[in-house]
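Position chain R relative to chain Y; hints supplied.
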Amino acid sequence: MLSFHANNHLDRRSLMKGLLTTAGGLAVANWGALTHSQTIAQEARRSGKRCIMLYMEGGVSQIDTFDMKPGRPTAGPFLPIQTNVNGIQVCEYLPNIARHADKLAIIRSMRTQSVDHGIGGYHMHTCYPSSQRFPHPEIGAMVAKYCENPDNDLPSFVKIGSESGIYGAGYLGPQFEPFVVSDDGRLPGFANPSVSPEIQDRRGELLNFMEQRFAQQRPGDPFAAHRTSELRTIRLMRARRTFDVSEEWTRARSRYGDSNFGRACFTALKLVEAGVSFVEAAHGGYDGHNDNFPTHKANLQVLDPAWASLLQDLQERGLLRDTLVVWTSEFGRTPAINFQAGRDHFGRAWTIVLAGGGIRGGQHYGASNRDGFEVQENPVNEGDLFATIYRTMGINHRVRHYLGARPIWATPEGSRPIQQLLG
Amino acid sequence: MTRFALSILVLACGGPFLAAQPAPFADAKVIHTLPWNSNVISAVAFIGNDKVAAGNKHGDILIWNLPARGGDKLDPVRRLIGHTGEINRLLVTPDGKTLISASNDRTVKYWDVLSDAGEPGKVVLNDGAPLKGVVEKVAKIPDPPPPYEVKVVVQKPIKELSGHKEWIQGLAQSPDGKRLVSGDDQGVIIVWDLPAGKEIQRWQCKHWVRSLAISPDGKTVAVSQHVPGRNKLLVPPSFHFWDADTGKMKVDLTKEITGGMSAVAYSPDGKWLAMCRGNVELEGPTGKVTLLDPSTGKKIRELTPPHTRGANDIAFHPDGKHLFSAGRDQLVKIWQLEDGKFVRDLGKFVDRSFWITSISISPDGRHLAAADDNGRKVVIYSLVGKSTP
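These protein sequences, in sequence, are chains Y and R.
Be aware that the first sequence starts at 1, since it is given in our numbering, and climbs by one per residue.
Be aware that the second sequence starts at 1001, since it is given in our numbering, and climbs by one per residue.
If you are wondering where the hints come from, they were derived from the structure by calculation, not from laboratory data.
Take these hints with a grain of salt, some might be off.
Stated by the list, open to error - Which chain R residues face chain Y? A few, computed with CB under 7 Å, are given here: (1) 1060; (2) 1086; (3) 1227; (4) 1229; (5) 1251; (6) 1362; (7) 1373.
Please read all numbers here as calculations on a predicted model, not as lab measurements.
Quick reminder that beta carbons are idealized off the backbone N, C-alpha and C, glycines included.
Looking at chain R on its own, in the form it has when it is part of the complex:
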């Protein structure tokens, strides 16, 4: 059979079959835009499948209810007050009842996300300062649209953990919801009994803890330490596995893992440990996303192409097959875990521009929330369609 005849056969027989198997997430699209326009949105988290929380650099946290269908103008319904510094991380307990926040104000706070009780209040959207005073290198950006006021329910924290004395950049929980681990810029790591909010263990690292994760069995804490510098890291970054029960170092991966990691995460099934390089902007394709063996720390593969100028966040999809990463190139990238194949980008690449600072995937895997610095808003993607199971 000639090559030409073979091609005809493939087109005749295989073509329709291939057309029925589009790439996963091929139909992903934006269905909601949640405007805030106040300050940089630094953390975002799904609460169940129909609510989203976002925190900004002022220390405000807002919650939006997401309707089943897209297209409506959405305003926040709740405002969580209490933090006085940037919200660095948000997570929701596995039972969906509690939102936990870590902040530059040196506290971790718990919020009851099921209760609608609270004081009536308001929040002003689009109140961000115009970016005047920018004299070079950065294009002048239009002022935000006119401010407007939204009525919200104002809620206060139900618990506060005050064991840290520096900015808290690292926050993670075990999948069973029993342990919480936090790390700060003084190099202090604390393992907490999550429901009780009591310290179980604490230890001191040498440098700033900028990202961490706790293994699904709750026994290992993976920690990236580095001190950010402008053109070079002031001290060499390091990466370690620590014993969560004793606070002793288990594995030193500093030689194998170079660069400061902005996010570290274990897959819920414990098969993968993922991390992304960022935290300080470096020119070029520097936002590498890497998969490691979670027990040995051995590098399995680096995912390519990397984000440009750094990556900010990562999230495993609940299907156990895909990893999402967010970068300083205004992109969310989707990767296939098994072979490391790049699936697609969400968003449009722009170099030296706005960042996607944080991402979260709904527990049912049908939606992605991305904190988009362009307009200081949260963008909700639908991930479902013909292409996605």
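Looking at chain Y on its own, in the form it has when it is part of the complex:
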């Protein structure tokens, strides 16, 4: 049952503003917030927070990374190693991350509902189940809306590679759709203009003139959103050199690892440094139904130097305090090892790691039981995780938007930030 307080009562004016009436008389969605979201955005922007999401596509095994069960039948072949924090151990193939454990908040009690790739990807990007048939925005769009710097020429939401899925800006509107670049962070070919900068500028001016004429005749948020997107694209063309990290990459490659994911993490660093609000970098290949262990080992050897170097560089450049780094996936993997030396999809007790952005590092939150089949303490669901992330970013996790007249909240009712993790 939804209830409204007096100060955010849905009055007639808001309702009418929330409805965009077409010539045919049908009410369609009005993109954007209606109530206090502009104020929230100003607050969030002042915080200067940014977020990098490292998404492990396929479902990453918690027991073979941060919730190891040495000596138990579910253990697998990997051994735990000590980190720079007493009491925190990680997989032996995360030796570089082990040196940054003081920055990590390891949530070992994720209990999530959607345990197949499509629905799990949607749920872990939006914190809502896909079955709701609502165009929920993915987390990058939400962060872009509230944390973007409107004066920045770069897109506010960049996705490096599409391996983790593209779920879109939903009801927030097209201006917050992800700008997708290739797996290694390079811009797509069409972003390289075939004409000189002078000609580009003249074309831009002409387009601007035409758009202004068009806008005078057709006022409305969708058209405004479209124009905003277009103008941002033009500005992006001016700022595209930010995506070209080739020169610095030759020096960074040995630390990040000579891999697409390594380069993606380095590009993410450069983008948040340049003011991009949200960058998502995907690392694929964790769906270990068979041969889980050698493939997982190969993946960690790519992940470990890239992630650790990203944390190191963020810290050295003074960016870690305001940059939240989220290590996540669509679900975890079964503690039981199946008969094909694999682990299957599992949502009952798995692990997500947060670092930076004001998160209190050097701690575990929650726990799974002895063999890892169930959460033993402090269960965390999708909404709680997103509430924690939004709170860290300075966004009200219960901010309300409208799809037509229907209110939608950034996180489901009952979602609570994990206070123990907040700095």
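Just chain R, lined up with the frame of chain Y:
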């Protein structure tokens, strides 16, 4: 003579003759099942003609004595302790005295298989964890039968080779028992003086060594390198011949041989080099078995039909005429070397199911041991009968 009359003549004269020449291994059948039911059995090896050793992903190795006749319930008699990681390869020296194991614990260990001396101990069979927690895509499997305890002799290794710093997937010996070669996931290959356990040569490859073989003259090491990936190999697989004395590359066959090989083997007579594609599961008939010229690396033929979803192991039969392969389709396939003809399957085809992870043929060629993931057991086939010399 009409075609009909010719047929009558063939049936009258040739029929009885053909009936007396059944296909080789037509009478092959399971004679023993050695239950373990603890963890995936990852390696198996005959010790002489009447003992079998098997190693699992926990790092345990058990030895069973095989009676002359089948049908009895068989329990293991020895337990070899010392490894702390998955047993990837087992082999027995040509003199039959030593079992050699390679493991994820980064060691190679030697075991005295002739001695019965050891401490009294026990092993619990059927102690495998039920496969609960499996939520989709894989059918729920019944829990193993109740655990039971068996008294065994516990033995420790007589030698340990500790030159590797990563999981050791490659292990092979020369037929004269003088050289041992091992390869790991860091790309390090070491040639050992086998009896002494001393390093002779070592070299560094670019990627993970996932399977290797040493030529019968001990001079060439054939190596398959690849890094396993989920949907695609993270780096392109490669295949090379290396000089065992100098560690220099002799032949690069990367362009000719595509795919990562899960097993490579020279025939004891040196006529053939066989390999099977696997190591990471790929949909469809991807478990190809290939025969090469061992001196040039030139492909002689690909054996068809391949295993479904990948092949795990290969073994030459001592008759010098047949090759056996084990796959992820729960089958052991038998092939004729001379013409590449498929002889028969052992087992029943099941797609997306249990694997045969490893095979070994007894020195007299009369038995085959297959590590069967269905029940995590070792199955012993008799290969003899009217059909097999």
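### Task
May I ask which of the numbered hints given earlier this structure violates, with the numbers listed in increasing order?
1, 5 and 6
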